[in-house]
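Number of protein chains: 4
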Amino acid sequence: MKSILFNPIALYIFLLACVPCAHAQIPDPGFTVDNTTAIVITDPQNDFLSPDGVTWGVIGESVIKNNTVENLETLFQLAEAHGIQVFISPHYYYEHDHKWKFEGALEKLMHDIGMFDRGDQLNKEGFEGSGADWLPRYKKYINKDFVTVVGPHKVYGPEQNDLSLQLRKQKIDKVVLAGMSGNLCVESHLRELLEDGFEVAVVVDATASAVAPGYDGNVAAEINYRFVASHVYTTEEFKQSLK
Amino acid sequence: MKSILFNPIALYIFLLACVPCAHAQIPDPGFTVDNTTAIVITDPQNDFLSPDGVTWGVIGESVIKNNTVENLETLFQLAEAHGIQVFISPHYYYEHDHKWKFEGALEKLMHDIGMFDRGDQLNKEGFEGSGADWLPRYKKYINKDFVTVVGPHKVYGPEQNDLSLQLRKQKIDKVVLAGMSGNLCVESHLRELLEDGFEVAVVVDATASAVAPGYDGNVAAEINYRFVASHVYTTEEFKQSLK
Amino acid sequence: MKSILFNPIALYIFLLACVPCAHAQIPDPGFTVDNTTAIVITDPQNDFLSPDGVTWGVIGESVIKNNTVENLETLFQLAEAHGIQVFISPHYYYEHDHKWKFEGALEKLMHDIGMFDRGDQLNKEGFEGSGADWLPRYKKYINKDFVTVVGPHKVYGPEQNDLSLQLRKQKIDKVVLAGMSGNLCVESHLRELLEDGFEVAVVVDATASAVAPGYDGNVAAEINYRFVASHVYTTEEFKQSLK
Amino acid sequence: MKSILFNPIALYIFLLACVPCAHAQIPDPGFTVDNTTAIVITDPQNDFLSPDGVTWGVIGESVIKNNTVENLETLFQLAEAHGIQVFISPHYYYEHDHKWKFEGALEKLMHDIGMFDRGDQLNKEGFEGSGADWLPRYKKYINKDFVTVVGPHKVYGPEQNDLSLQLRKQKIDKVVLAGMSGNLCVESHLRELLEDGFEVAVVVDATASAVAPGYDGNVAAEINYRFVASHVYTTEEFKQSLK
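Chains as they are written, first to last, in our numbering: chain A, 436 to 678; chain B, 436 to 678; chain C, 436 to 678; chain D, 436 to 678.
Don't read these hints as lab results, they were simulated from the structure. Hints may be right or wrong, so weigh each one.
Pairs involving identical chains hold if they fit within one copy or between any two copies, as the list cannot separate such chains.
Straight-line alpha carbon distances no greater than 25 angstroms define the calculated DMTMM-like cross-link-like pairs of lysine to aspartate or glutamate that follow [stated by the list, open to error]:
{"hint": "1", "residue 1": "K609", "residue 2": "D547"}
{"hint": "2", "residue 1": "K575", "residue 2": "D547"}
{"hint": "3", "residue 1": "K536", "residue 2": "D469"}
{"hint": "4", "residue 1": "K559", "residue 2": "D580"}
{"hint": "5", "residue 1": "K678", "residue 2": "D651"}
{"hint": "6", "residue 1": "K500", "residue 2": "E563"}
{"hint": "7", "residue 1": "K575", "residue 2": "D463"}
{"hint": "8", "residue 1": "K500", "residue 2": "D608"}
{"hint": "9", "residue 1": "K574", "residue 2": "E496"}
{"hint": "10", "residue 1": "K606", "residue 2": "E530"}
{"hint": "11", "residue 1": "K500", "residue 2": "D651"}
{"hint": "12", "residue 1": "K543", "residue 2": "D463"}
{"hint": "13", "residue 1": "K579", "residue 2": "D547"}
{"hint": "14", "residue 1": "K678", "residue 2": "E515"}
{"hint": "15", "residue 1": "K534", "residue 2": "D469"}
{"hint": "16", "residue 1": "K574", "residue 2": "E560"}
{"hint": "17", "residue 1": "K500", "residue 2": "E671"}
{"hint": "18", "residue 1": "K543", "residue 2": "D469"}
{"hint": "19", "residue 1": "K536", "residue 2": "D608"}
{"hint": "20", "residue 1": "K534", "residue 2": "E515"}
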């Protein structure tokens, strides 16, 4: 406060950027894909993206409106074409997760509706085609070598899995982020990757969020991406940026 | 997906909770203050809460509308009256932080406007009354024994400081969260505290967020608190809950 | 330094505890099992504990000397008898882990010898009876409800998995730690659990460490457990403490 | 286990590397300083390195034997000469840290003897020349621009401070580690930096550890550095490697 008043350069920048502050634009630091950049996709799984998934009733409309399913496929294709590694951070709930003694609101909902259920990490019975399985159209990419599937996250962020380590073990410093759902796992990944020291951009229409009465997750996600990411792309803008 | 269809109890819960899903209410797990509960306040500093602070132009209107300054004072008073410990997670930027090679959007803005600036952790010159200092009316509480000031966070969340450790070293399991700004540091603290295994409630009108053209941080914060916290209080509701 | 000279109580404690400092005993804070206590076991897997495992040549002698296999079984039995939850933090390496661009010394060795290899988390082919599988005699415990298997760690500590979260979701504050190997995964779990705010005791003879020419991991583990844990038990002492 | 028997290449590597395994050498992955490399120094403070410090009685002999004080100064000089950034992770205990409800063994000792005591982060009274202050001969380096002092750690590792973030914000991927004390803060920093995805080498004689009856921290540190780091240097070897 004082410091800015007595620092002519800071004051000048402040005046340029902030007057009138009530109309301040949020700066856009920008993002450039280079050979330390990877794409990270959260939860490209049936329970979010298939009309048969347990959340389709609250999220299907957003998925359709954003064209999320096709946009995520475009990201896989662009990655393969341009030699960009893709890391997938999935969401699985095991039987023991249903015995948690407390949960936040959406954690409770996910457990109540059996979302992402899988017996345990050593059990694949009933997994094929379940809500926890990949959306079928993505399997042909995920099975290839340019895609790495890290361990499951358990709340919303990558704090419980090895995503950041796997990125660093490949000397990745910058992340283009997309997936499901926008204001929960994508946003928590965004925030944690920033704290872990990555540069992060988001592809906003390769995400989608749940809509509950009075609470539209898409609105929250779009605001917060703009506040904290280095840049927010549409899928088309990201595609153009690679040319 | 499959699992729910063949599991009559899960299906029943699903039908109760989710049909029609498009109108699904978000569950409210609830929150009860007990002797493992603390209040955590982020950034109760001049740069956010004083009309002289560097962000007042973008955040002052929200602070006034929410009555944030008084509501935070009420939280300090309730804590003292009910023997609840308060932990403050402040935000300081040192000279070397201005040499970062990359920043997200609001990180860039905060550095450009000299927000929370302080020479370094061994330098108090010019600190008194600066934008990084406490709002004066809170000092009489912060100087008391029921308040612990942890290290500074550096992006938005407590990943870079000792907040979680200090809470655990006092056998705290549950957190009532408030402070500044709503969709940045408060929300990042909320998300990280959840990942760290705390139960967390938010006092929504003891926060406030920046408003930029087209991007209202208050809207994002309110949606996301409701999605992920165990409960969202107003200050008045929190006060009533302690009776 | 100065502070102690001018603070009579601190000086008195210092003199009692530390003179002559060269002969200072390390304090023993002690540990009591209560209903917030769990047992955590790292890597109870064939590659460490079976004579057919890939590390038996360097670690078998320590396993036999400590009676590690039987002592770990005793911990499972004590846990079941006393209603103590057990959490297992396993070690799996997937195919993509073999493509890391850099590794520390033992990471390199583990990859070179194919330790804990498993195709990926969605692949159980060849797992049964492999080096990554549980030691057979532990399976009857691990399959029961008092045991929770968390995600795999990837270097040595629980930073890459959900161990701390799973403990907190069961309101666990205190950990009795054992498993393999002593100076690597056990010690890294010990150090990280301390940073995460748990009270931790170690059962030293329910661990064992590798011995390389000039470098005995058991020696390092025993010194460091004593320096940093709240208490170091033998299995017999731990058993007696539960009576 | 099985996998290696049926995999001729892995078996061959295994035979080369490990037969007879009882005599297996630990591999040495090596380390090369490049423009993504920084030096990290823990706790270069009076309480460890000055004959007036509170731990000199247990650690002084090791400091003298290793020539630690001079070797750390050599690292500062080499860094300045070769344009390598230095990051210091200090150790401060504030008044509220003395109210922790539980502590591991050395945490308890450090608090009992008033080690690294400082009122709080907004209080510099009595700091100059105290046990928490820098060893005087290092001040001329620490005051220069090539040195960054991050927040204090509170147990042993950088989990409670912003070290990893500050490194990443300077695009640092590799760390040369040294400082005090060898088997506590240096080793915990080593382990956590590995989990955070840094390549790490240690300069073993620019560290020193406490010796308690029956427990020589230097022995533990030297074994564990060799097991987990990418390379272990002496100060002289590190100097030669820069030529």
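Status of each hint after checking the structure:
no.: 1; hint: K609 <-> D547; verdict: between (36 angstroms within a copy, 23 angstroms between copies)
no.: 2; hint: K575 <-> D547; verdict: neither (31 angstroms within a copy, 30 angstroms between copies)
no.: 3; hint: K536 <-> D469; verdict: between (44 angstroms within a copy, 16 angstroms between copies)
no.: 4; hint: K559 <-> D580; verdict: both (22 angstroms within a copy, 19 angstroms between copies)
no.: 5; hint: K678 <-> D651; verdict: neither (34 angstroms within a copy, 34 angstroms between copies)
no.: 6; hint: K500 <-> E563; verdict: neither (28 angstroms within a copy, 45 angstroms between copies)
no.: 7; hint: K575 <-> D463; verdict: neither (35 angstroms within a copy, 39 angstroms between copies)
no.: 8; hint: K500 <-> D608; verdict: neither (32 angstroms within a copy, 41 angstroms between copies)
no.: 9; hint: K574 <-> E496; verdict: within (23 angstroms within a copy, 46 angstroms between copies)
no.: 10; hint: K606 <-> E530; verdict: between (35 angstroms within a copy, 18 angstroms between copies)
no.: 11; hint: K500 <-> D651; verdict: both (14 angstroms within a copy, 22 angstroms between copies)
no.: 12; hint: K543 <-> D463; verdict: between (36 angstroms within a copy, 9 angstroms between copies)
no.: 13; hint: K579 <-> D547; verdict: between (34 angstroms within a copy, 23 angstroms between copies)
no.: 14; hint: K678 <-> E515; verdict: within (14 angstroms within a copy, 41 angstroms between copies)
no.: 15; hint: K534 <-> D469; verdict: between (44 angstroms within a copy, 20 angstroms between copies)
no.: 16; hint: K574 <-> E560; verdict: both (18 angstroms within a copy, 19 angstroms between copies)
no.: 17; hint: K500 <-> E671; verdict: within (15 angstroms within a copy, 39 angstroms between copies)
no.: 18; hint: K543 <-> D469; verdict: between (40 angstroms within a copy, 21 angstroms between copies)
no.: 19; hint: K536 <-> D608; verdict: between (37 angstroms within a copy, 12 angstroms between copies)
no.: 20; hint: K534 <-> E515; verdict: between (40 angstroms within a copy, 18 angstroms between copies)
Hints 2, 5, 6, 7, 8, counting from the list given before, are not met by this structure.
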